[in-house]
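Participant: Sequence:
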Amino acid sequence: APAIGGRLGDIFGRSRVLIAMSLLALLGSLISACSDSLTGLIIGRGIQGVSAAILPLCFGLVQEHVPAPRVPLCIGIVAGTASTAAGIAFVCGGLIIDYLNWHWIFYISSAVAALCLLLVLLLLPASVRPARNQELDIVGGLLFAPGIAGLLFALSKGATWGWQDSRLLGLGLGSVLLLGFWGWYEARHANPLIDVRLFSNRQLVLTNLIHALIGLGVMHFALVLFPLLQQPVATGAGLGLAATMAALLKLPSSLVAVFASPWAGSIAGRHGARRAMLIALTFMCVGWTTLTFHHDSFWFIALIVAINGIGAAMAFSAIPNLIAEEAPKERISEINGLTQVIRMTFMAIGAQLYSMIFAAHRVPDSLNPGSSYLNADAFNVSFAVITLFCVLAWGAAALLPRRSLTMVAVAQN
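Everything in the sequence shown is counted per my numbering, starting at 197 for the first residue and increasing by one.
Derived from the structure by calculation, the hints contain no laboratory data.
Everything numeric in this text was worked out from a predicted model, so none of it was measured.
Treat each hint with caution, since some may be false.
Stated by the list, open to error - Cβ pair distances, simulated, as ranges:
#: 1; residue 1: Thr356; residue 2: Ala216; range: 33 to 43 Å
#: 2; residue 1: Ser352; residue 2: Ala580; range: 19 to 29 Å
#: 3; residue 1: Asp573; residue 2: Leu223; range: 37 to 47 Å
#: 4; residue 1: Ala216; residue 2: Leu291; range: 30 to 40 Å
#: 5; residue 1: Leu317; residue 2: His490; range: 48 to 58 Å
#: 6; residue 1: Pro560; residue 2: Val335; range: 45 to 55 Å
#: 7; residue 1: Asn297; residue 2: Gly370; range: 35 to 45 Å
#: 8; residue 1: Leu419; residue 2: Arg212; range: 30 to 40 Å
#: 9; residue 1: Leu223; residue 2: Tyr295; range: 21 to 31 Å
#: 10; residue 1: Phe349; residue 2: Ala322; range: 31 to 41 Å
Virtual Cβ for every residue (Gly too), placed ideally from N, Cα, C.
Produce the entire structure from the sequences given, and follow the hints as far as they go.
Facilitator: Put into structure tokens, the structure is as follows:
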């Protein structure tokens, strides 16, 4: 959805496609809210997932409607808004789990989607269509969507089916071959749905490498930290917090995004997005290194989470600004969407990695026969691995081309 939806916005007008994506997000939320079966919930969530294209479309709308000198700052504001909203959603989710029925998650998301749709219809100017005369590469979309979906599904089933399962190997290999053919086809198409030739650009390649490493590491904040927060104190490796309190720990990192993302955008506008990315990754390296060696105090963890939150918020502002410096304006939503798909793919790989680490560090619960809990090494190793990915991402950012202020201004125009 992010890559294809972003490209459709570039072709047919981003505001039009944003309205369509918002409608689908509303429909998916309503289906999930009204469903009492797993099948209905999966269908609703699948439709709701189309909303992943909204953020790439918004980055394109910024470049479309905002004067060039203000683009980096405004991209930072959009990224910060998304990060802050995600943190609020974590807290709301925790409260709903503790005090309400799960259906309320989707009732609330339906109301939010309806409000967003209304605001878009009333306030957003109509988009221009720079690619009005371009043909739509339907074959490229038909090859890309099942290839990515199959790969993500195979990765998600690794722990359940087993990595040597013939179904998983067949699906994974088939998806990789299909994506390989898709790349070959798109590279030779006169007007591809997703222009893979743009990834011969050094800055775009390194930006996506950084995003992939973030997907492998930092994006698994909740997966690796929430078990530590919620596991009973009696296990020797847990703080015993309720879901609401655990979710509240995410709030500081989301609140700092209110100023950290625009700050990164301001740095990108004055000094280039490379510097903003290096500062962001420095925060993350320091935060996760510290967390690796000390994570037995709620308030200390809250402080480190805030530090990591500054880095993450700055990074998610720097990434679209790095893209804006190099990508053609008529393909800006497409490239942002594809970058998001790359992050999601590596998040799926990372989820399996941390699941294997957790599985290797489980010990039987003597008080509850048949159950087990995570020992301290499960968290020590997981935090160390995330730190390693942060360091590798910093190294990739250091290889980004240095850009003068003149080069930045020319790119924005």
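Participant: Would you pick out the hints that fail for this structure and give their numbers low to high?
Facilitator: Going through the list in order, the structure violates no hint and respects every one.
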